[in-house]
Each structure stands twice: as C-alpha cells, then as structure tokens.
Amino acid sequence: MGSIRLDSFDVFAAIVRCGGFRAAALERGVSSSALSQTINALEESLGIRLLNRTTRSVSPTEAGQRLLDRLAPALSDIQLAIAEVDELRDSPSGTLRINAPAPAVDHLLCPLVFGFMETYRDVKIEIISDAAVIDIVAQGFDAGVRFGQQLAQDMIAVPLGPSLRYAIVASPNYIEREGAPETPHDLVGHDCIKRRFPGGTLVTWRFVHGDEELEVTPAGRLTVSAVSNELQAALAGRGIAHVLDDYAKPLIHDGRLVELLADWSPTLPHWFLYYPNRRLPSAAMRAFLDYMKRYDWQARP
0 MGSIRLDSFD
10 VFAAIVRCGG
20 FRAAALERGV
30 SSSALSQTIN
40 ALEESLGIRL
50 LNRTTRSVSP
60 TEAGQRLLDR
70 LAPALSDIQL
80 AIAEVDELRD
90 SPSGTLRINA
100 PAPAVDHLLC
110 PLVFGFMETY
120 RDVKIEIISD
130 AAVIDIVAQG
140 FDAGVRFGQQ
150 LAQDMIAVPL
160 GPSLRYAIVA
170 SPNYIEREGA
180 PETPHDLVGH
190 DCIKRRFPGG
200 TLVTWRFVHG
210 DEELEVTPAG
220 RLTVSAVSNE
230 LQAALAGRGI
240 AHVLDDYAKP
250 LIHDGRLVEL
260 LADWSPTLPH
270 WFLYYPNRRL
280 PSAAMRAFLD
290 YMKRYDWQAR
300 P
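Numbering (numbering that gives the first Met the number 0), first residue to last: 0 to 300.
Everything labelled a hint here was simulated from the structure, so no lab data went into it.
Any given hint could be a false lead.
[Stated by the list, open to error] Below, simulated EDC-like cross-link-like pairs (lysine to aspartate or glutamate); rule was C-alpha separation at most 16 Å, straight line:
#	residue 1	residue 2
1	K248	E258
2	K123	E26
3	K248	D105
[Stated by the list, open to error] Label-pair restraints from in silico Cβ distances:
#	residue 1	residue 2	range
4	S58	A131	20 to 28 Å
5	V187	R120	49 to 57 Å
6	E61	T222	43 to 51 Å
7	P171	G209	23 to 31 Å
8	A235	I77	54 to 62 Å
9	A235	G18	37 to 45 Å
10	V187	R255	19 to 27 Å
11	R55	E181	49 to 57 Å
None of these values were measured; they are calculated from a predicted model.
Note that the Cβ used here is the ideal one computed from N, Cα and C, for glycine as well.
Could you put the whole structure together from the sequences, leaning on the hints where they help?
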C-alpha cells in the first residue's frame with residue numbers, strides 16, 4: 000500500500016455526501032477533475048475500488064461504504080480537534096455555509112452577514128438561497144434558516160429577526176381603476192397576483208380580524224413563482240399582491256404601492272436559524288451566533 004494523504008479521505012466522504020464529483024467540487028471550491036485525481040490516487044493506494052461511477056450518479060462500493068462507516072467518527076474527531084485548535088487563534092476563521100429561503104436571505108441574513116464579515120475578517124461565508132426542506136448535514140451546510148414547524152428534532156434552533164407580517168398591496172392606478180377591497184371577501188372581485196411554490200402549490204392568503212380567521216385562494220390572470228415578479232406586476236397595475244411587508248415597506252413609503260386590508264394582516268412566527276446539536280459548532284459558527292444575538296434588528300438597513 001502506497002502513502003495516502005489524509006485529506007483524501009475527507010474528499011471521499013464529501014463526494015459520497017454530495018452525491019457526485021460536481022457537487023462536492025462546488026462545495027470545496029475546486030474542480031471536479033482535481034477530486035477525480037484524488038480519488039483515483041486513493042483507490043490505487045488502497046488497491047480497491049471505492050466508488051461506483053455512472054454518467055448519472057456516484058455511489059460507494061461495498062468496500063467504500065465499509066471504509067466510510069469507519070471514517071465518519073474519525074473525520075468528526077478531526078473536525079472537533081481543528082475547532083479546538085481554532086479556539087487558540089486571536090480571531091475565528093474558516094467558512095460558514097448557510098442555507099435559507101430568499102426572503103430570509105434578503106432581509107435578515109444579508110444585513111447580518113455584512114456586519115459580521117466586517118468584524119470577523121478571517122471568516123468566509125457562503126449563503127445558498129433555497130426554499131426546499133433539506134438535510135443540512137448531508138448537504139454540507141453549517142446552518143439553515145426555516146420556520147419552526149419545518150425543523151428536525153435533532154437541531155438547535157435560535158430565533159432569527161423579528162416577527163413576520165404579510166402586506167396586501169396594489170398600485171394607486173389599480174385602486175383608482177378597480178377600487179379597494181374593504182374586507183378579504185371583496186378580493187373575489189379583484190385580479191389577484193398568484194404565486195406558486197417550487198413544489199407546485201399556490202400560496203394561500205391568510206387573514207385575521209379579531210376572532211375571525213379565514214384563508215383565501217386568490218383568483219387572477221397572472222401566476223408567478225418569485226416575489227420580485229409579484230411586486231413587479233403590482234407596480235405595473237396588474238393586480239393585488241400578497242408579500243412580506245419587508246419587501247413592500249419601501250414601496251409603500253415612497254407611494255408606489257398602497258397597503259390594503261392592514262387591519263386583517265396577522266403577525267406570523269419569526270424565522271429560526273438552526274444547526275445540528277450532535278456536534279460542537281466551530282469557533283466561526285459560535286462567533287456568528289453570538290453576533291446574531293447582539294444584532295439590533297431595528298437598525299438594519
């Protein structure tokens with residue numbers, strides 16, 4: 000058996016976790032060919048094939064899976080040892096990868112991260128905008144952002160930002176042309192801008208007024224999949240939009256949109272930033288959590 004570089008095992012584990020060379024290469028910031036060369040050298044040194052490769056997928060062989068099962072605790076111990084050594088540095092370092100839906104990225108993570116990076120100059124951050132519920136550990140993320148009911152039980156969750164609120168908005172020229180609804184029941188006669196989730200379901204509009212609660216499935220001629228397009232359509236006078244008020248507030252403030260049914264708008268739970276509880280967070284992750292707890296959300300841009 001020839002000499003083996005220890006980082007080859009980490010590369011092997013990353014390829015299996017990510018499900019292929021390309022995804023692992025993107026995660027590590029290197030080329031697929033570089034990872035392929037590493038695996039070829041590892042297999043040659045061990046004298047056995049570790050991965051089954053096809054044009055569509057990569058999976059471990061029986062030998063590869065046995066090796067991976069034994070490697071996992073050791074790699075975890077190595078990561079922990081590195082984290083403990085990192086504690087001795089004057090400033091945390093490393094890379095944080097965070098997965099979050101676009102609204103949380105736009106209005107919470109970006110303002111938070113920009114200030115954090117100014118304070119901790121040795122930490123690199125990668126933010127992936129994604130609304131799907133994923134296994135952040137399997138996908139190589141340090142943390143994710145979701146609503147509380149979407150979190151797995153083995154996660155530590157920390158509230159992120161203030162409570163949320165949806166706003167019903169339309170342009171002044173739409174209101175002048177079509178009139179303004181006085182209650183959610185009046186939306187039946189209006190052209191609502193519908194939005195479809197990535198999974199295919201339409202967003203329903205929820206309203207609360209005193210003890211009365213109702214959900215409305217909007218009707219209208221236009222359906223989009225992005226909030227930016229929903230706002231674009233509302234600004235063009237194409238109908239009534241239903242968006243988080245963080246998106247709407249600047250446009251309401253400058254008079255380009257008008258809020259409707261404000262007294263029917265419910266307060267929603269806030270986002271949560273979550274991370275696995277079965278491993279010690281890195282020094283960079285702990286610094287980020289501490290910074291988040293001290294952050295003044297009212298002063299965000």
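Each hint, compared with the structure:
Of the supplied pair hints, the one linking K248 and E258 holds, its CA atoms being roughly 9 Å apart against a limit of 16 Å. Straight-line distance between C-alpha atoms of K123 and E26 comes to about 13 Å, which keeps the hinted pair within the 16 Å bound. Among the hinted pairs, K248 with D105 is consistent with the structure: their alpha-carbon atoms are about 14 Å apart, no more than 16 Å. S58 and A131 have their C-beta atoms about 22 Å apart, which keeps the hinted 20 to 28 Å range intact.
In this structure the hint that V187 and R120 lie 49 to 57 Å apart at CB holds, the actual value being about 55 Å. Between E61 and T222 the beta carbon distance is about 48 Å. The supplied range of 43 to 51 Å therefore holds. Between P171 and G209, the C-beta spacing of about 29 Å keeps the proposed range 23 to 31 Å intact. Here the CB-CB span from A235 to I77 is close to 55 Å, well matched to the stated 54 to 62 Å.
A235 and G18 have their C-beta atoms about 41 Å apart, which keeps the hinted 37 to 45 Å range intact. Taken as a hint, the range 19 to 27 Å holds for the pair V187 and R255, whose Cβ atoms sit roughly 26 Å apart. Checked against the hint of 49 to 57 Å, the C-beta distance between R55 and E181 comes to roughly 55 Å, which is consistent with it.
Going down the numbered hints, you'll see the structure goes against none, and every one checks out.
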